[in-house]
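Peer 1: Sequence:
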Amino acid sequence: MKLTTDYSFILASESPRRKELFSKLAIPFEVQPAKIEEVAEGKLTPEEMAISIAYKKTVPIVESNPNAIVIGADTIVYLEEEVLGKPTSKEQAKEYLQKLSGRTHHVVTGVSIQGAGTSISFAETTLVTFYELTDEQIDAYVATGDSMDKAGAYGIQTMGGLFVQKIEGDYNNVVGLPISRLFQTLLTLEVLTFEKELSK
Numbered sequence: 000m001k002l003t004t005d006y007s008f009i010l011a012s013e014s015p016r017r018k019e020l021f022s023k024l025a026i027p028f029e030v031q032p033a034k035i036e037e038v039a040e041g042k043l044t045p046e047e048m049a050i051s052i053a054y055k056k057t058v059p060i061v062e063s064n065p066n067a068i069v070i071g072a073d074t075i076v077y078l079e080e081e082v083l084g085k086p087t088s089k090e091q092a093k094e095y096l097q098k099l100s101g102r103t104h105h106v107v108t109g110v111s112i113q114g115a116g117t118s119i120s121f122a123e124t125t126l127v128t129f130y131e132l133t134d135e136q137i138d139a140y141v142a143t144g145d146s147m148d149k150a151g152a153y154g155i156q157t158m159g160g161l162f163v164q165k166i167e168g169d170y171n172n173v174v175g176l177p178i179s180r181l182f183q184t185l186l187t188l189e190v191l192t193f194e195k196e197l198s199k
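Heads up, the sequence shown stops at 199 in numbering that gives the first Met the number 0, and the numbers go up one at a time, no gaps.
No lab work stands behind these hints, which were simulated from the structure alone. The structure displayed is predicted, hence computed values, not measured ones. There's no promise every hint is true.
Stated by the list, open to error - Restraint-style ranges between C-beta atoms, simulated for each label pair:
1) Thr143 / Ser63: 34 to 40 Å
2) Val30 / Ser179: 18 to 24 Å
3) Ala139 / Val38: 29 to 35 Å
4) Thr192 / Val163: 32 to 38 Å
For glycine and all other residues, C-beta sits at the position ideal for the given N, C-alpha and C.
Produce the entire structure from the sequences given, and follow the hints as far as they go.
Peer 2: So, in structure tokens, the structure goes:
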């Protein structure tokens, strides 16, 4: 399966995980991280918050690349009504993991596609259930440092995935980019098409 496009694509993210997922489309793209404060204003649902921040990430990139399609994404972890962002200390990381232990939480990734006459955003939600965790397991994981740059203080694609009992929804969404839904959306927008093979 080969895809083709007449557009330039820019991923407004410095996340190596999002870059790896986006590369599955096998189309040329640039990475231009947006240097913004990742804060949403107003009283918003987690889905609205993720979309708002994803959109904010695209704005400065679109301004300097008006003919490109810019994609921003933001992932939020929440348990009941509490948002668990990227921990600011090992102690907070341990606190987050203790809260997630033995419970089901939501992972929401907001995606915003902007530029070149295109403007659409969506949020994808996955439910993640953790096993009951011991203090020893939590301490050992936090000591690796893997918690510190990830919402909810864990990475499902790293050793944090050992804590996951089950997921309901898109695994890649938990990693940081719902690439399947993004792919379908780009096809619907007709900014991606299938390359036709010449008959032999």
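Peer 1: Taking 34 to 40 Å as the hint, is the beta-carbon distance of threonine 143 and serine 63 inside that range?
Peer 2: holds, 37 Å
Peer 1: Is the gap between the beta carbons of threonine 192 and valine 163 within 32 to 38 Å?
Peer 2: 36 Å Cβ-Cβ, so the 32 to 38 Å window holds.
Peer 1: Please check whether valine 30 and serine 179 have a Cβ separation lying inside 18 to 24 Å.
Peer 2: This hint holds: roughly 21 Å between Cβ atoms.
Peer 1: Between alanine 139 and valine 38, is the Cβ distance one that fits in 29 to 35 Å?
Peer 2: holds, 32 Å
The structure is consistent with each of the numbered hints, conforming to all of them.
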